[in-house]
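Asker: Listed here are the chains, written in short residue letters.
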Amino acid sequence: MGKLSTLKDAIAEHVPDGASVAMGCGLESLIPFAASHEIIRQKKRDLQLIGPISDIQFDQLIGAGCARQVTAAWVGNVAAGLGHNFRRAVEQRIPAELVIEEHSNFTLGLALKAAAMGLPFLPTHTARGSDFARAAHFAPVSCPFTGEELLAVRALHPDVAIIHVQRADADGNAHVWGNLGVIREAALAAKKVILTCEEIVDHDVILADPNRTAVFGFCVASVVHVPFGSHPSPTQGYARRDDQFYFDYHRQTRTREGFLDWLQTWVHDINSHQEYLDRLGPDRLGPLKPSQDQRAPAINFSA
Amino acid sequence: MKARAAYTVRELMVIAAAREIRDGELAFVGMRLPLLGFAVAKELYAPRAIGVFENGIVRDWPALAPIFTMSDPPNVARALYCGGLIDVMGLLQSGRVQLGFIGGAEIDRFGNVNTHWVRERQKRTRLPGSGGAADIATLAERCIVIMSQERRRFPPRVEFVTSPGYGEGAAWRERARLKGGGPSRVITTMATFSFDPESREMILSTVHPGATVADVQRETGWPLRVAANIGTTAPPSAEELAVLRKYDPNGIWTS
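As you go down the protein sequences, you meet chains A and B in turn.
If you read the first sequence in my numbering, its first letter stands for residue 1, the second for the next number, and so on.
If you read the second sequence in my numbering, its first letter stands for residue 304, the second for the next number, and so on.
The following block holds chain A by itself, in its conformation from the complex (with noise of 0.2 Å):
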């Protein structure tokens, strides 16, 4: 059998209780929530969440106790601002105490970066004057050349990375287009990748494009096909950013009532994302469609 799956054997199999787990690695787009929504609705707890920005699938998680610790270098609602489970779950251990793991952005791509690299560490300029650098996962370094002074940021290795793209073929191997955020980072660094993707294609579409393959099919586990699997967030090509999304949970999750509420109807009293998209209903859906042709030139890489 091939890594073809549903989004529910997927999470079951490869994220167990306790797991660290990269998501978000595009940054605001090609945000993997159909996968959250199933982590949360399989109710996996003491995660380890690793991610730069995260825009309000952190907060998700940290809200329905699936987390135990946040690795990250922001974490909340980038349009609404401030992620109301975040702040109780760090504030008032509400609905658990949280472990946080300060980075920036640049410091976490390098720590992803070191992982994947096969190194322990990297050396950087940044963050050198910033309070969380004193964290036990940063140390000074002097160059052996220069003896200049450096920040030394520890590898990060997942154990798993679940990614969503634009296409894959059924082993795995990915076109992303857009920012690539941390994504490629990722996939190298984590032990194994979910991938979920707007389109399964075949091997041969990602052979007449290699300078877009931005995952190896040698490093995913599974692959699964979720249409419209990062709404709220973007996915160029395939979906655009469903803004009141964001601003409706901004409002709805101010109390912990609230979130509950909002976890039951967006979450736990669905089964499937197809579900999840009759939910969101085709008025919604429609606009979100790109609605134009935007395609780049073919080029030719004849031999």
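Treat the hints loosely; a few may be bogus.
Unchecked claim - Take a look, some chain B residues computed to stay more than 10 Å from chain A by CB distance:
1. Arg351
2. Phe371
3. Arg427
4. Glu444
5. Arg445
6. Arg455
7. Thr465
8. Ser466
9. Gly470
10. Ala479
11. Ser487
12. Glu504
13. Ala517
14. Gly534
15. Glu542
Stated by the list, open to error - Coverage of chain B stretches by chain A, computed from C-beta distances (three or more under 8 Å per stretch; other residues unrestricted):
16. 355-368
17. 428-439
18. 545-558
Think of the hints as simulated: they come from the structure by calculation, not from any bench.
Here the structure is a predicted model, which means the values were calculated and not measured.
Beta carbons are placed, not taken as given, at the ideal position from N, Cα and C, and that holds for glycine.
Once you've looked at the hints, dock chain B against the given chain A.
Answerer: Chain B in isolation, oriented as in the chain A frame:
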């Protein structure tokens, strides 16, 4: 009915930000007000400026459709370059980026910015964290901080340094050997500030039309140093406003 003012304070702030972008510069333009400032600068006085975004996007013209995040599809389509975070952070670290904009919850007398924790009436409030702000503050040749001018946001010393300014003052950045030049300007809802080249203390440079030095002092948590040649922030011209409103027709960020 209240008469519509000629411009809003946020529009004034966008234009003040736009005027900081020099032609040909690479600038981390982040989101909201600086992003609009980039659009105005490109059209009016910095046609060869380049906008750089942490998610891996580099643009040589501003996206026309309003966007809420740097990864929104209109900011991707017809970009100059789409790569990864480390690619663009590498541009910053290697000294190719002259300018970066950041915002914050608190800023202190030496331009240190906090976006991690604030304390209000003994209650600690957790904020989202650095994002890319610490990277920009550490590495950019010039960093510009956009702030709401409120006394609680201008403490003498921030609770937590997310994004370093001039640390404890004179020669701190040099001693710490930080790569970037540090904050060059602060643009607030009431005023603009620069920094003393020796002591590195924040200096009140201009007050916005309608505000006074006393107003700004009231909303600042330490005795302000005022520039000898203090003036009024130049209001936006009709031309600047026209361009700005083309990019923010409904005043999403500036009303």
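Asker: So, for every hint listed, does it hold in this structure?
Answerer: Against the structure, the hints:
Its beta-carbon lying about 23 Å from the closest one in chain A, arginine 351(B) satisfies the requirement of being farther than 10 Å from that chain. With a cut of 10 Å on Cβ distances, phenylalanine 371(B) falls inside the contact zone with chain A, its closest approach being about 4 Å. Non-interface call for arginine 427(B) relative to chain A: violated, since the shortest CB-CB distance, roughly 6 Å, does not exceed 10 Å. At roughly 13 Å, the least C-beta separation between glutamate 444(B) and chain A is larger than 10 Å, which holds for a residue marked as non-interface.
Separation of arginine 445(B) from chain A is adequate, the least Cβ-Cβ distance of about 16 Å exceeding the 10 Å criterion. For arginine 455(B), the requirement that its beta carbon stay farther than 10 Å from each beta carbon of chain A is met, with the minimum near 16 Å. At roughly 6 Å, the least C-beta separation between threonine 465(B) and chain A is not larger than 10 Å, which violates its mark as non-interface. Residue-level check failed: serine 466(B) sits 7 Å from the nearest beta carbon of chain A, not beyond 10 Å.
Listed as a non-interface residue, glycine 470(B) fails to keep its Cβ farther than 10 Å from every Cβ of chain A; the least gap is roughly 6 Å. Interface exclusion of alanine 479(B) from chain A breaks down, the closest Cβ pair being 5 Å apart, not more than 10 Å. The beta carbon of serine 487(B) is kept farther than 10 Å from every beta carbon of chain A, the shortest such distance being approximately 16 Å. Distance check on glutamate 504(B): its Cβ is at least 17 Å (rounded) from any Cβ of chain A, clearing the 10 Å threshold; non-interface status holds.
Against the 10 Å criterion, alanine 517(B) stays outside the reach of chain A, whose nearest CB is about 31 Å from its own CB. Taking the minimum C-beta to C-beta distance to chain A, about 32 Å, the non-interface status of glycine 534(B) holds against the 10 Å cut. Glutamate 542(B), annotated as away from the interface, keeps every beta carbon of chain A farther than 10 Å; the closest lies near 30 Å. Counting residues of the stretch 355-368 of chain B whose C-beta lies closer than 8 Å to any C-beta of chain A gives 5; at least three are required, and the coverage claim holds.
Counting residues of the stretch 428-439 of chain B whose CB lies closer than 8 Å to any CB of chain A gives 11, which reaches the minimum of 3, so the coverage claim holds. Counting residues of the stretch 545-558 of chain B whose C-beta lies closer than 8 Å to any C-beta of chain A gives 0; at least three are required, and the coverage claim is violated.
Violated hints for the displayed structure, listed by number in ascending order: 2, 3, 7, 8, 9, 10 and 18.
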